[in-house]
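> For this one, chain A is given, so just place chain B on it according to the hints.
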Amino acid sequence: MALFRKLMINRLMTLLIYITIYTIVMSCHSSKLEVDANVVYWTAPSVELSRFESKMVEEWNSSHPDSTIDWKTIPAGTTSEEVLLTAIATRTGPDICSNIFGGFAAQLADAQVLVALDTLPGFWDVMEKRKMTNIIRNNWFYKGHVYVIPVYVNPEMMWYNKKMLDKSGITKLPRTYSEFFTLLEKVCIPQEVYGLTVDVSSKWYRRWFDYLTLYAAASGGEPYINVKEKEALLDNQAGIAVTQFFYQIFEKGYAPRFEIQDGFQKELFFASIKGAGEIVRTKRMYPDLEYVITPLLVPDYYPIDAPVYTLAESKGMVLFNTSRKKGESWDFMKWYFSGEHDSLWLELTNFLPAREDLIGNPIFIEYFNNNPDIKLYAEALDFSVPLVLTPQTVEIQTILNRELWQPIIFGLKSPAIASRDANQTIQRILISGP
Amino acid sequence: MCKKITTKRLIFMKKSKTVKIQERRIYEFAGYGLVAPYIIYTIIFWVYPFIWGLIISFKKWNIISPEKEFIGISNFLKVIHDPLFWISFKNILFFMIVYVPMVIICSLGVALLLRRIKFLQAFFASGYLMSYVSAGVAYSIVFSLLFSGDGLINTWLSNIGITIPWFSSPKIAMASIAIIVVWKYLGYYSLIFLAGLQSIPTSLYESAEIDGASNWTQFWRITVPLLNPAFTIILIFAVMLSFNIFTEPYMITGGGPLDSTQTFVMQIYHQTFTALHAGYGSSFAIVVAIISFTFVFAIRKTVEREISY
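Just so you know, the sequences run in chain order A and B.
Just so we're aligned: 79 in numbering that gives the first Met the number 0 is position 80 of the first sequence, and the numbers increase by one with no gaps anywhere.
Just so we're aligned: 101 in numbering that gives the first Met the number 0 is position 102 of the second sequence, and the numbers increase by one with no gaps anywhere.
Chain B with its partners taken away, still in its complex shape:
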């Protein structure tokens, strides 16, 4: 009897194991199915163009002609010797110096304010996000009119005897563009900071207060260190954006005055689509990608810290 039950039980166990394996397979299949669209998208729109770009960077090609002449690393050597590459690099670094601290300080400030709001916090947060979802071309036109020589801003400023050549002075044109980009990303970065702020346990502030720590000390000793993941991600986003800046300078200044707002992506675009040097544009893009990756790697190594509450 006992033996009989054991056999039945064994059969049942075996069956249920088979069912479990089948169920697991279905779940796995479903999992792959659900991520498949994204993977397919990535392969078609990221991996394939990247490989294609890598191939044509070693060739001389004008986009439309079927002929593609292999020229080895000539394009890469040309990039290194191109004065506009170095001008763009200098401009990007200047943009970064202005933009990164400005956007971090402003978005952290907004996040700190948002945290204090008890009612309609989501409403205000999404309000700040409106700039992020605005069309680049549209707001670039609006800003170029606002900041132009006879624009609204200068008309106001002229009342106190000041006129600022926002986009026409080579010294400040890139900084003016940085201001516009800060406006665009302020809401988005604030939300990241807000999420970071909300994840810091309030008990830490309570104990600090009991220990007699001032608000200032709490900010520097608790908030800033524990916001490290948010700082790191925003820093990486901001640096990557600096390397990819295109719409605003392209629409507003066209790279001028005196090439002071030329950027890497503008050069890539110009070489590829205007001068029809697609091979050169591609090698330019690869060099820029390597530099951008190096910056991101260095930031992660120097800024990123393990955080435990």
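Chain A on its own, in the form it takes in the complex:
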């Protein structure tokens, strides 16, 4: 019996040792595979974008068997940024990634993990081919270099419920805040029909789609931060006017202090600020909804003949310094941005490619004829401004939430004080640095 037990224990121990060795060997083996694989390419975990990327990768791999692309969507996590950071820190990240917003690219550039793309051979030729030279020159330089190539832009515009407009008998759509409030008095029904969808959440990135969008319009396309001078620009005429606008929206009950999922689409709201990406989803899920798209609202002081600007969220592609296949990666990027694939991109994703010739280029005419709503967004691109390239984006917008947005929603600060507080705090962190 004792011998049997002894034998059993020995076998159990041997098994445990084998399992441990096997686990270690397999984990080393899998990381070896990762290193030896061809160019690793990560993209946004989106169904529409994946449809396009899979076609692209398939085409590339069939024509380049010696430098194939190992494509996958960014692994599941709380945010894409967090997953990427973890991957970079643990040296398991991709060679190239295409879901990077400017602020995050600036953070990565500061940490010296990105390749300055403008130093690579043929960079400007590629930009010229894709008709995005001016976009890059004007908006995408960070500390003297280009670290991210924008793939698409997503400007914001106003949507109005057509049925409500017709019912109220109004033919002239509002341009200024005063005109909008006058219209709301006619259209809104307390607790039943609200005026404007406003995101009340504290998520930092949500401010791109409300406050900062209207700031871009109110300031005539001026940035809210002067990165070079480390200066916050929220406590000015435009900043206070936008804050005042949202303050009044909540004060007068034109927006609830809680979330209503798809409130505009469910016809519980008269107006909404939305990006082009919402069009296809809305048409699919709410086919009966009729709406009108116009440029953003501006303050009353805004010149009548001046163009109305908007903010365009944008995501781009980067090449990591840690890549062992920089040459092959850059070859793929050059091919990707050659401009030949943008009509397919538009067709499959319905996001506007970041290029200057969307209106006028014959390859897009058919698409825009079939999608007139998206064409309105393409036309607005001439007057759209990108997000400010600062590594402190998250901190800035977190402060904006805390000092301005949330107090305004609950009426705890006057617009002037909220603008001043947000400006002062942002100014402080700009000076102290990341």
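Worth flagging that the hints you see were computed from the coordinates, not collected in a lab.
Below, a list of computed lysine to aspartate or glutamate pairs in the EDC-like style, where the Cα atoms sit at most 16 Å apart:
(1) A:K265 - B:D149
(2) A:K282 - A:D261
(3) B:K67 - A:D109
(4) B:K59 - A:D109
(5) A:K128 - A:D330
(6) A:K202 - A:E258
(7) A:K202 - B:D258
(8) A:K54 - A:E346
Here's a subset of chain A near chain B, in silico, CB distances under 8 Å, partners left out:
(9) A110
(10) S200
(11) R401
Covered by chain B, according to a simulated footprint, are these stretches of chain A (three or more residues, beta-carbon under 8 Å):
(12) 250 to 258
(13) 402 to 414
Idealized CB from N, CA, C, for every residue including glycine.
Frame of chain A; chain B shown alone:
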């Protein structure tokens, strides 16, 4: 002859002693072998990160850069002066005040009910445990939809003319989150209470009944005092959970409205992974760990009692 036998016996005894020592060594070796995976796991995933966290708490580091600047205790001083640290602390205390009594009362109630069930007790007990094994992100999304302004709960309540701003009012948002967390841990804590209840000898209740004690008196004089170990462990679990609350507020409210659902772990996460202040996030975590440990120590000192039946 006698001497010869004694020698043989001595040799035999010596041999058997050697065998026993060898067997004991094998058992010891096996014991170490069996606990080794856990010890290795603890060293890799707990001890090493803890030491690493302690080291980087004295440094300025952005996770990805190889440069780590030593800045002494600056991070710790920054934590103490960070208004969000104190806001989070206040929120955690509020959460604790709502959550701890609610979860203890509800789970004790469920345990008392489960004890009365004669058939399918295990089935019901494991049914309550389902919430405990649910994915945090999944049920957070479900609850945020249920409790939203136009959600199912408010739709029902609107029939009697009430609408509750569960997650949009700064006054009640944290309490709403506490309700969700109670739902999650109700089954788990009930099982601990049930185990405690089942270990109380029935003879104590029988003698109390003979002495004329009412059910109420039996509950307060027998059940509650003898459940002290279960109370203590649940209290410690609940307090520790309060300090670690993250998924629900992160997913549902994002810390708002007006920072009323900001928590320590949300701040640690935000500082480390979003703002890339890993050194600061680490020192924040250490300060929180010290506070959490102090609470647990105080609870054990004040609540824990020796129990003998």
